[in-house]
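S.K.: For reference, the chains in residue letters:
Number of protein chains: 2
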Amino acid sequence: MCLIGFGSSGQELCRILLERKERITSLTGNKVEVVAVATKSRGNLVDHSGLDLKELLKLAESKSGFHDHPSLVRIDTVDLIKESGADVLIELSTLSIKDGQPALTHIETALDQGMQIITANKGPIAWGYKRLKEKADQKGLQLLFESTVLDGTPVFNLVKRALLDCRVEGFRGILNSTTNYILGKMESGLPYEGALQHAKDQDFVEADSDLDTKGWDAAAKTAVLINVLMDGNVTPMDIDREGIDGLTLDQVQAALKANKRYKLVCEGYRKDNGIYGRVSPQVLDVAELFCAVNASSSVICLQTEMMGEICIVENNPEIRQTAYGVYSDLLHLLNS
Amino acid sequence: MCLIGFGSSGQELCRILLERKERITSLTGNKVEVVAVATKSRGNLVDHSGLDLKELLKLAESKSGFHDHPSLVRIDTVDLIKESGADVLIELSTLSIKDGQPALTHIETALDQGMQIITANKGPIAWGYKRLKEKADQKGLQLLFESTVLDGTPVFNLVKRALLDCRVEGFRGILNSTTNYILGKMESGLPYEGALQHAKDQDFVEADSDLDTKGWDAAAKTAVLINVLMDGNVTPMDIDREGIDGLTLDQVQAALKANKRYKLVCEGYRKDNGIYGRVSPQVLDVAELFCAVNASSSVICLQTEMMGEICIVENNPEIRQTAYGVYSDLLHLLNS
Numbered sequence: 001m002c003l004i005g006f007g008s009s010g011q012e013l014c015r016i017l018l019e020r021k022e023r024i025t026s027l028t029g030n031k032v033e034v035v036a037v038a039t040k041s042r043g044n045l046v047d048h049s050g051l052d053l054k055e056l057l058k059l060a061e062s063k064s065g066f067h068d069h070p071s072l073v074r075i076d077t078v079d080l081i082k083e084s085g086a087d088v089l090i091e092l093s094t095l096s097i098k099d100g101q102p103a104l105t106h107i108e109t110a111l112d113q114g115m116q117i118i119t120a121n122k123g124p125i126a127w128g129y130k131r132l133k134e135k136a137d138q139k140g141l142q143l144l145f146e147s148t149v150l151d152g153t154p155v156f157n158l159v160k161r162a163l164l165d166c167r168v169e170g171f172r173g174i175l176n177s178t179t180n181y182i183l184g185k186m187e188s189g190l191p192y193e194g195a196l197q198h199a200k201d202q203d204f205v206e207a208d209s210d211l212d213t214k215g216w217d218a219a220a221k222t223a224v225l226i227n228v229l230m231d232g233n234v235t236p237m238d239i240d241r242e243g244i245d246g247l248t249l250d251q252v253q254a255a256l257k258a259n260k261r262y263k264l265v266c267e268g269y270r271k272d273n274g275i276y277g278r279v280s281p282q283v284l285d286v287a288e289l290f291c292a293v294n295a296s297s298s299v300i301c302l303q304t305e306m307m308g309e310i311c312i313v314e315n316n317p318e319i320r321q322t323a324y325g326v327y328s329d330l331l332h333l334l335n336s
Numbered sequence: 001m002c003l004i005g006f007g008s009s010g011q012e013l014c015r016i017l018l019e020r021k022e023r024i025t026s027l028t029g030n031k032v033e034v035v036a037v038a039t040k041s042r043g044n045l046v047d048h049s050g051l052d053l054k055e056l057l058k059l060a061e062s063k064s065g066f067h068d069h070p071s072l073v074r075i076d077t078v079d080l081i082k083e084s085g086a087d088v089l090i091e092l093s094t095l096s097i098k099d100g101q102p103a104l105t106h107i108e109t110a111l112d113q114g115m116q117i118i119t120a121n122k123g124p125i126a127w128g129y130k131r132l133k134e135k136a137d138q139k140g141l142q143l144l145f146e147s148t149v150l151d152g153t154p155v156f157n158l159v160k161r162a163l164l165d166c167r168v169e170g171f172r173g174i175l176n177s178t179t180n181y182i183l184g185k186m187e188s189g190l191p192y193e194g195a196l197q198h199a200k201d202q203d204f205v206e207a208d209s210d211l212d213t214k215g216w217d218a219a220a221k222t223a224v225l226i227n228v229l230m231d232g233n234v235t236p237m238d239i240d241r242e243g244i245d246g247l248t249l250d251q252v253q254a255a256l257k258a259n260k261r262y263k264l265v266c267e268g269y270r271k272d273n274g275i276y277g278r279v280s281p282q283v284l285d286v287a288e289l290f291c292a293v294n295a296s297s298s299v300i301c302l303q304t305e306m307m308g309e310i311c312i313v314e315n316n317p318e319i320r321q322t323a324y325g326v327y328s329d330l331l332h333l334l335n336s
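Those protein sequences? They're chains A and Y, same order as listed. Counting in my numbering, the first sequence runs from 1 upward without gaps. Counting in my numbering, the second sequence runs from 1 upward without gaps.
This is chain A alone, in the form it adopts within the complex (with noise of 0.2 Å):
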């Protein structure tokens, strides 16, 4: 396979697979070998008989990166992904949220290749998930994206391959982890700065913190769930959008006296036959299942056709999350 990323989230994959090796085989019956890595700074590989993950891991910590590889390539990564050979893109880089780019185009390149695709980045599947999924069931290939919303918990693959015909008709969630963070360390007293500088201190935030503070990552995840779940065809910018960085410590301690509690909320809904997105702050009585739904936890929940409405909820995930709903896509892959 081809990694696109070679971040956290992309060497915790590795981890995996290490990990792994021998349930891949006999769970699957196939081999994993990772015959190229495209990184942001560290440089491109590509060896044709197998890459060592263990090295990879270790180069990773270090200053050069991976310049003084023998396979190190000077190509870019969309030729990277032309020359890999591989029959798998694993797309982990990081996120734009303006176009879905460039993660739209290694997408449809490793598709015009005749490569399978999974993906955690949210960009692609917000942007351009109608025009992939086309072109991915043209060529007979896969298009799988567990990792997009709630990291590894199963939201894509509890509808299809367990909610059998059953129509999502809409749905509600607390997805933007970071946000939830913050909304909780001004409940507790510290103002937004304070608060926003403490989820910094994390890791959780955004390299761009608009990306959570506005809605951003909020916004793309609800045009993902619109776009899968609902049969929609949306892109972030349909969304309707309202982030938490309006929100003072005055209201939130406001809202707390009264027994009710600020939620960045997401919503998909249908009517008068359209399909709408919308991402905003909440007052919700604390009674309410989100509000126990805390520090980076998410939820969502689906109003379903038959099944009525059914939650699931991730507590405090870490990095491991991301990665585990890679491999089980790929698991998933290499059992069809």
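Calculated directly from the structure, the hints in this document are not laboratory data. A couple of the hints might just be wrong.
[Claimed, not checked] For each label pair, taking beta carbons as the anchor points, the in silico distance ranges come out as:
no.	chain 1	residue 1	chain 2	residue 2	range
1	A	Ser62	Y	Glu169	34 to 40 Å
2	Y	Lys31	A	Asp272	36 to 42 Å
3	A	Ser280	Y	Gln138	51 to 57 Å
4	A	Arg131	Y	Lys98	41 to 47 Å
5	Y	Ser8	A	Glu288	27 to 33 Å
6	A	Arg131	Y	Asp112	30 to 36 Å
7	A	Gln253	Y	Gln253	28 to 34 Å
[Claimed, not checked] Straight line, CA to CA, 30 Å or less: simulated DSSO-like cross-link-like pairs of lysine-lysine:
no.	chain 1	residue 1	chain 2	residue 2
8	A	Lys31	A	Lys98
9	A	Lys160	Y	Lys160
10	A	Lys160	Y	Lys130
11	Y	Lys40	Y	Lys82
Every residue gets a Cβ at the ideal spot worked out from N, C-alpha and C, and that includes glycine.
Starting from the known structure of chain A, fit chain Y onto it as the hints suggest.
M.R.: Here is chain Y on its own, set in the frame of chain A:
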């Protein structure tokens, strides 16, 4: 298929089969006919060319039941299963908590006949899962039981089909909706007996109310989860069980004043190479997730090897949710 039990869930299943007749064929390529029905007091029917479900639903409302039906047979349920010639047994008979009978015998008989099994009756899975599973596996038959815990909410399908290669280490849940409802009524000021009566008026309580209030239903579900998800081999008798019948209004109200709530919690856990189950009333902080699961809602939190803790909540289910679980099992069966 051969349907054992024609109470509310059996009737609702038939409604779904009527509504979704074309869907089933388009999704699975199969046509479903009910060729035999066994009931507790309405009589038993066999018609190898398929029974008219609309007619059965109408007759179920009448006093005479099926006793004037031309397909009425004077044989017991075990013989009915043998003579039905059906490919699939749907076991929806009334739960016997003491031994899982007669459902256990129904399922064994059907497996001997080479029939696939779907059961919403938790007795057989709580009492004889290992034995039944072995027999089914030997014969290449499926044994499906999604509706035994949390109605049709995917629990077993979630783990089996979406959480690949991710061991369940333990679980914690509110699995009996009747006691959850009763505790809520006690919090709003009703003494235990009045709260129980209120639940009875809503038709939430088993014919033998001890099954709910003494924790037997919860223990049976705990045994099912341990047997299936944790590869255990226990019966409801092995579960350390305490019901809510010993709780007083004073205790419940005192907890509320201290910002705490009583919940009947089911647990499965590993300790010293053993697997244990417990059902007990626990005093939880109101901020905990379980305290946001009220009325007839249920929740299960799975502690997993790769995904940390994942919880799934079913919000105030109705009879359709139980029937949907059977229907989704049927679709899985027909697709495989």
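S.K.: For this structure, which hints from the list above don't hold up?
M.R.: 4, 6 and 8
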